[in-house]
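For this one, chain A is given, so just place chain B on it according to the hints.
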Amino acid sequence: MNKRTPLENFLFYFLILLLLFFVLAPYAWMVSSSFKTTLEIQGMTPTWIPQTLTLENYVRMNQTVPIVDYFMNSVIISLGTMIFSLLLAVLAAYGISRFNFPGRNIYILVLLATQMLPGVLFVIPYFMLFTWIRNTFGIQMTNTYHGMIFTYTSFSLPFAILMLRNYLDSVPRSIDEQALIDGCTRFMALFRIIIPLAKPGMAAIGIYSFIMAWNEILFATILTRGETRTISLGLLRYLTQNASRWGEMMAACIFATIPIIIIFTLVQKNLVKGLISGATKG
Amino acid sequence: MKKSKALGYLFILPAVLGMLFVHIMPMGWGILISFRDLTIRTIRDWTSAPFVGIQNFINALNPVTTIGQRYLQSLYNIFFFGVMTISIGFVIALVVALILNKPFKCKTLIRGLFLVPYITPDSVAFNFWRFIFQRRIGIFNEMLLRIGIIREPITWLVGRNTMWAVIIASIWKGWPLTALILLAGLQTIPGEIYEAAKIDGASAWQQFKYITIPYLKPIIKTVMIMNILWNFHAYNQFRVMFGADPGRYAEVPNTLIMREAFEHYRYGQGAALSVLLMLIMLTIVLIYLIFFRNKTEE
Chain A
1 MNKRTPLENF LFYFLILLLL FFVLAPYAWM VSSSFKTTLE IQGMTPTWIP
51 QTLTLENYVR MNQTVPIVDY FMNSVIISLG TMIFSLLLAV LAAYGISRFN
101 FPGRNIYILV LLATQMLPGV LFVIPYFMLF TWIRNTFGIQ MTNTYHGMIF
151 TYTSFSLPFA ILMLRNYLDS VPRSIDEQAL IDGCTRFMAL FRIIIPLAKP
201 GMAAIGIYSF IMAWNEILFA TILTRGETRT ISLGLLRYLT QNASRWGEMM
251 AACIFATIPI IIIFTLVQKN LVKGLISGAT KG
Chain B
1 MKKSKALGYL FILPAVLGML FVHIMPMGWG ILISFRDLTI RTIRDWTSAP
51 FVGIQNFINA LNPVTTIGQR YLQSLYNIFF FGVMTISIGF VIALVVALIL
101 NKPFKCKTLI RGLFLVPYIT PDSVAFNFWR FIFQRRIGIF NEMLLRIGII
151 REPITWLVGR NTMWAVIIAS IWKGWPLTAL ILLAGLQTIP GEIYEAAKID
201 GASAWQQFKY ITIPYLKPII KTVMIMNILW NFHAYNQFRV MFGADPGRYA
251 EVPNTLIMRE AFEHYRYGQG AALSVLLMLI MLTIVLIYLI FFRNKTEE
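So the protein sequences, as listed, match chains A and B. So that you can map any letter, position 282 of the first sequence is 282 in the numbering used here, and since no number is skipped, the others follow by simple counting. So that you can map any letter, position 57 of the second sequence is 57 in the numbering used here, and since no number is skipped, the others follow by simple counting.
Bound-form chain A, shown alone:
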């Protein structure tokens, strides 16, 4: 590699810093606004640094909107989605990756095809399906945790399976063959040997399905009400006809980012690897 001249070096790092600014500036604005007084937000020209630091937004955010309840709803729904997606996806991905059965290619094609369908196509039928289940079996589906977990798992599953399958393809088959010879059953081989090896892939799809559920707005609008409202809808409630509580909303946004930061920090090392290998071998 050619050595860069000092000028090129300077320009290079300047460019990277500029890019980082564009990526991170919205965060700086969110964090700084969450510590501003309402007066400062509404009043003078916007500034990056708060003139008076205050915690009032954090104190008040749960009084205006029951954001902690919404947060807990989202935690339950997203964790549920993550667990079920991982479980079902790992089985299916292993099946596709290791067995050659008639219909396999069609199944892969169906998985790909579901990715192309607009979610909104399913909203109306889902609404009807949930109404029908309640009327026929007496099982409440709308406005319940299990209903939402069911919905979100189904939507994260195709992508999760495809990504994990790419990842499992990169784990040599000889490893599970060895395990079978050593007397493992297929399931034991999968859970004891393959899954630990597929950690980066699992991390990527785990965080994918968690974020998907944490983000979702379309289905949550229709299928949840008061008691199961998710945080992504809750955040919108700081803006009403009468008042825009931006400071509180920014505080709540930071609050809503916490689980993602925690999960991201836990799996960060594996995530980049898993994401990239899943995406590049499509």
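Think of the hints as simulated: they come from the structure by calculation, not from any bench. The reader is advised that the hints may include incorrect statements.
[Claimed, not checked] In the DSS-like style, the derived pairs of lysine-lysine whose C-alpha atoms are separated by at most 30 Å in a straight line are:
| # | chain 1 | residue 1 | chain 2 | residue 2 |
| --- | --- | --- | --- | --- |
| 1 | A | Lys269 | B | Lys105 |
| 2 | A | Lys269 | B | Lys107 |
| 3 | A | Lys199 | A | Lys269 |
| 4 | B | Lys209 | B | Lys102 |
| 5 | B | Lys217 | A | Lys269 |
| 6 | B | Lys105 | A | Lys199 |
| 7 | A | Lys199 | B | Lys209 |
| 8 | A | Lys199 | A | Lys273 |
Owing to the predicted nature of the structure, the values given are computational and were not obtained by experimental measurement.
Just chain B now, kept in the frame of chain A:
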């Protein structure tokens, strides 16, 4: 051999069953109700809704009807949004990937930081973008004023500029992941090829055109498909930044369908709009795939 086939089925069975119930069945149902005048009165028993044939579809594409006019406008909007967001985002991502492919300090840290927009929850990201774009109290206008690009604050979230506001926010959210994936692709290209090309006297542009691009092609294909699917399905950013009714300039099929079905309670019409949207999406993806295949086989 037989046993292993059965095992294969066993492994995919739970996922297949799940998807049958949640994808195939509702999809069929969606198509069935798109031929009916299903409304709030008939939602309890959809079979009692009057069968109207393809009337819902005719309405959707007829610019004389209110719904037709809005639907066609929304299709134009999402197309404009998709093309702009994907192309600008892709160019930024490619340039950055090429830059980051050079050796530099703190590589892992910076790669990690570039992932931040991807992992930021949509609701959080688009809420703070909504705040950034506020006319008087937002930082975006303030920055533009300070640099001297504009003299008067611009209204971003109402009227003509709405589409650009949502495009900027969506590019911010989307390009870093594309860049990281392209970067991963760049790193698989063996360095010797470039060395050999240099010895043969190939210019930087020639190296880019004849080595980098052909090598990246499969990855570009995947990344583009992902981007097309995500952006043409976009809903969250429109809902978060503009509320339930984004207005004429930022109305997209998804927001229109949601209002038609769940505010005006015309489920049949809404279903027809979404079936049409699905057909359009499939056409776009197919054209893209065919186009791409011909190009690589040349």
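Each hint, compared with the structure:
At most 30 Å may separate the alpha-carbon atoms for a hinted pair to count; A:Lys269 and B:Lys105 meet this at roughly 18 Å. A threshold of 30 Å between alpha carbons decides the hint, and for A:Lys269 with B:Lys107 the separation of about 13 Å falls inside it, so the pair holds. Of the pairs offered as hints, the one joining A:Lys199 and A:Lys269 holds, with about 10 Å between alpha carbons and a cut-off of 30 Å not exceeded. Of the supplied pair hints, the one linking B:Lys209 and B:Lys102 holds, its CA atoms being roughly 18 Å apart against a limit of 30 Å.
Straight-line distance between C-alpha atoms of B:Lys217 and A:Lys269 comes to about 27 Å, which keeps the hinted pair within the 30 Å bound. Between B:Lys105 and A:Lys199, the direct Cα distance comes to roughly 27 Å. Compliance with the 30 Å bound is thereby established for this hinted pair. Our distance criterion of 30 Å between C-alpha atoms is broken by A:Lys199 and B:Lys209, whose separation comes to about 36 Å. Annotation: proposed proximity of A:Lys199 to A:Lys273 holds, straight-line Cα distance about 10 Å (limit 30 Å).
Taken one by one, the earlier hints fail for this structure only at number 7.
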